[in-house]
Amino acid sequence: MTTYEIVVGIECHVELKTKTKLFCGCAAEFSDDPNRRVCPVCLALPGALPVVNRQAIEYAVKAALALHCEVQPFSRFDRKNYYYPDLPGAYQITQMFHPIAKGGYVDIETTKGSRRIRLNRIHVEADAGKLLHASGGIGGAGGTLADDNRASTPLIEIVSEPDLRSAEEARVYGEKLRTILEYAGVSDVKMEQGSMRCDANVSVRPKGDPVLGTRAEIKNVNSFKALERAVNYEADRQIDLIEDGGSVVQETRGWDDEKGVSISMRLKENAHDYRYFPEPDLPPILLDPERIKGIGLTLPEMPEDRKSRWIKELNLPACDSEQIASSRFSAELFDRTVALGADPKTAANWIMGEWTRCVRVKGIGMETEPVKAEHLAALLGQVSAGKINNKQAKEVFEEMFDTGEAPEQIIQRKGMVQVSDTGALDAIVQQVLADHPKSVEDYRNGRTQAIGFLVGQVMKASKGQANPGLANQLLAAALEAMK
Amino acid sequence: MNQSISAAEELAALTAHDASCRLAEGTVSSVQLTQLMLDRIAASQNNAFITVNPKALEEAAAADARRQKGEARGPLDGIPMALKDNISTQGLRTTCASRMLAEFVPPYSATVARRLSEAGCVLLGKLNMDEFAMGSTSENSYFGPVRNPRDPQRIAGGSSGGSAAAVAENLAYFTLGSDTGGSVRQPAAMCGVMGMKPTYGRISRYGVVAFASSLDQIGPITKDAQDCALVLNAIAGKDPYDGSSLMNPLPDYLDALKDGAAGLRIGIPKEYMGEGISEEVRMAVERVAGLLEAQGAIVETCSLPRTEYALSAYYVISSAEACSNLGRYDGVKYGYRTQAYANLAEMIEKTRSEGFGDEVKRRILLGTYTLSAGYFDAYYKRAQQARTLIMEDFRKVFRQYDVLLTPTSPVTAWALGQKHANPLEIYAMDVCTVSVNVAGLPALSLPCGTDSQGLPIGAQFIANTLGEAVLLRAAAAAEKGGKA
Ligand SMILES: [Zn+2]
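In the order they appear, the protein sequences are chains W and X. FYI, this note's numbering numbers position 321 of the first sequence as 323, with every residue one higher than the one before it. FYI, this note's numbering numbers position 147 of the second sequence as 899, with every residue one higher than the one before it.
Bear in mind the hints are in silico, worked out from the structure with no lab data behind them. As the structure is a computational prediction, the values presented were derived from the model and not from experiment. Just so you know, even glycine gets a beta-carbon here, dropped at the ideal spot from N, CA and C.
List time: in silico DSS-like cross-link candidates among lysine-lysine, alpha-carbon distance up to 25 Å:
id : chain 1 : residue 1 : chain 2 : residue 2
1  : X       : K1113     : W       : K82
2  : X       : K1133     : W       : K104
3  : W       : K132      : X       : K1102
4  : W       : K132      : X       : K1085
5  : W       : K393      : W       : K374
6  : W       : K465      : W       : K440
7  : X       : K1085     : W       : K82
8  : W       : K389      : W       : K462
Now the in silico label distances, taken between C-beta atoms and shown as ranges:
id : chain 1 : residue 1 : chain 2 : residue 2 : range
9  : W       : F76       : X       : F1128     : 12 to 22 Å
10 : W       : K227      : X       : P1175     : 57 to 67 Å
11 : W       : E260      : X       : E1106     : 40 to 50 Å
12 : X       : P1175     : W       : Q252      : 34 to 44 Å
13 : W       : Q252      : X       : T1090     : 28 to 38 Å
14 : X       : A1180     : W       : D275      : 26 to 36 Å
Input sequences plus hints: build the corresponding full structure.
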């Protein structure tokens, strides 16, 4: 039986989070109100002309540098001509002949080890608008409405080489790309909201065969998990086809995640002739090495670098480092908390534990910085100084997360002082001993673990405010004295 | 002739700068000038206007009020003018002489329209043209052909035929046209007025409905060089809304008028004076050379050997860009939409079949063909290579000459309908003007006499990049020599 190899290349569209659109002054932000963020330029009214948004070019360069690409000193826009009602000018402004960056790579780690995935290019282009189909669709009774709020918002397309060899690699590549772009700060990179869209070119071939098989392009993938499923499905479909004596046809297929299948959208024979030619309304983009260097200086420390630094300098376990570095927001929170004096391992535990849990459960965007490093460091300081216990600290953390208040304020407001005063605790200890003669008896009879129950009772009686170490100490002394 | 009629004729025939003096003296008001123009437009039979601005008198009254308060804005304040109908005007329909945009009212104004309005000009209306500026006769208009005021049985030239005819018939003190392959200069020549095509990027294209983006340039059509300089002063310069507009500092173009021809180095490229140029046109151009030589200019014959490629390169590039620029007229958002259709493809197809005229369709087909996969290298790419060679030719001759002198059109205005069946013959008539657009250079057409039938002849000056001032210098000197 033939063993097959899966070959995948990914084209990833990433929306740049610039203030304004790529070629006009309209705000590049989402609006529920259709055709609210539009002007003569992005509506392609007769006579309107595009002007390039410098911030978009800088973001594209930043992304390219973060992905180790060669930024091109000369690049240019081209027109891709086709008719569709969501494309106001009947052409998309993109970069066909001279993209802004070439080459580059992404290092990925999977269960099979680490691999370097090469990139082919990055180019800048304008997004299209959206169509809202009433029942009946285009031309039908229900009609179709066009909303151009999204038209002309800036995108970069990151095109990988066909270097990926499994569905898992495709998913991990996508996730890694997201992490790197999030670090670069150029995009929200949210698959679910469409600010990152991955299309996968999938083919199969007998293992060892140097020739690439016929590929199908899979579109409409809305999450990285869906990407993995879609690639697996497509590879299986193609292998089945070949095993049954058929052959793969070049086509575009749409992924239906609910049904777990893909459906043919367009065959290659029906592909458009886009009649690409250089955009005559826009001068070329000229980037001198100084400017490229300057843009590079605005990049933060990237995940790989942080990981190795933490392992080397902070003795942080590799798996902790990996997890915290996977998001720029957790990485920055960690670095800042540690810089404020927190113990690295403790800080890491809190970020991987409570912080991650709260982000997930509450559905709060990490980018909104729900917990400041100063507050987290202060909270850990309170715990290590014995002022509050761990249980209290978790309660304070959640409160901090919800309100943004400083931990000291929350502790004070809640009257959450750890009772470390021997006198105050002594009374409680005596009361607990008096109330639980059975446990005292057990202890006397050598069942020393009974002290654990008694400590719990002291904590309860103090409404959680007792210093548990001190309570243990006092109980032990009292019980010894009673022997 | 009745005295008041001849006084009105005299007032209408004034140059913009003379009219400006009368306004400054207070001997005439903007409302009077505007009413005079509106009356003449209403009486004209030459179809130069597509739309008259209903607010023209209102704008004139505002100009008069400013002047009364001592707040006149400058030499063009209160001067009535008109714009080619491919220049967007907020609230006033902008048709491009096409059925496709016959009812289209832009929600914004072109930068040139805005700048003239800020200078105080009164907008009389919008001028007839070849549909989407495609043509050299102004016969390809959904609103009917423009007639030449010098002989109404003849073409006014094109595509800015209405702009040239309006100035020639004294229906406006000046107008703006657009020039993609000679569309300002050739009708100016045929109607006996002055037309300038500035350097590509010198004047904003924002709001000017695109024909061929890398070639289009707005230009003034005026009665003399001084008016041309005045209008240029008002409209030229960097526009943040046009990425291809140039940053270079602006001179005061009026300064150039006084310099005279002494020492001016003039080249006459032999390729522009040979076969296909009518004898009468050639002689008229040589007369201009003689006038300037008499004033101390140095006139020599020179050569632009790649001239023969210009016409083909021009038609390939302009059609390619046009087919893309005109894709947006699909009936979805604005403009004409066909009545009945079963689906999206049919809607677009029928809308475009019914909305565009024959010449526009011809260019779209040409452009679609030359950009198609497999043909791109053979046509578009080679045309761009030819473009580079043509630019090189010019760069070389401009090391030796300040300005080149050629005919604007090989022949004078022909009869309406005469060449309509033969588009290639009409294309060939652009031979003297297209190189300038292909190379992005400035050029100016100057009226230089008439042929034996009394039809105007135009001489063309071509200058190096941003050489508008030297064009005006040569033109002013030639005007002076012509009067002497
Ligand atoms: Zn816009």
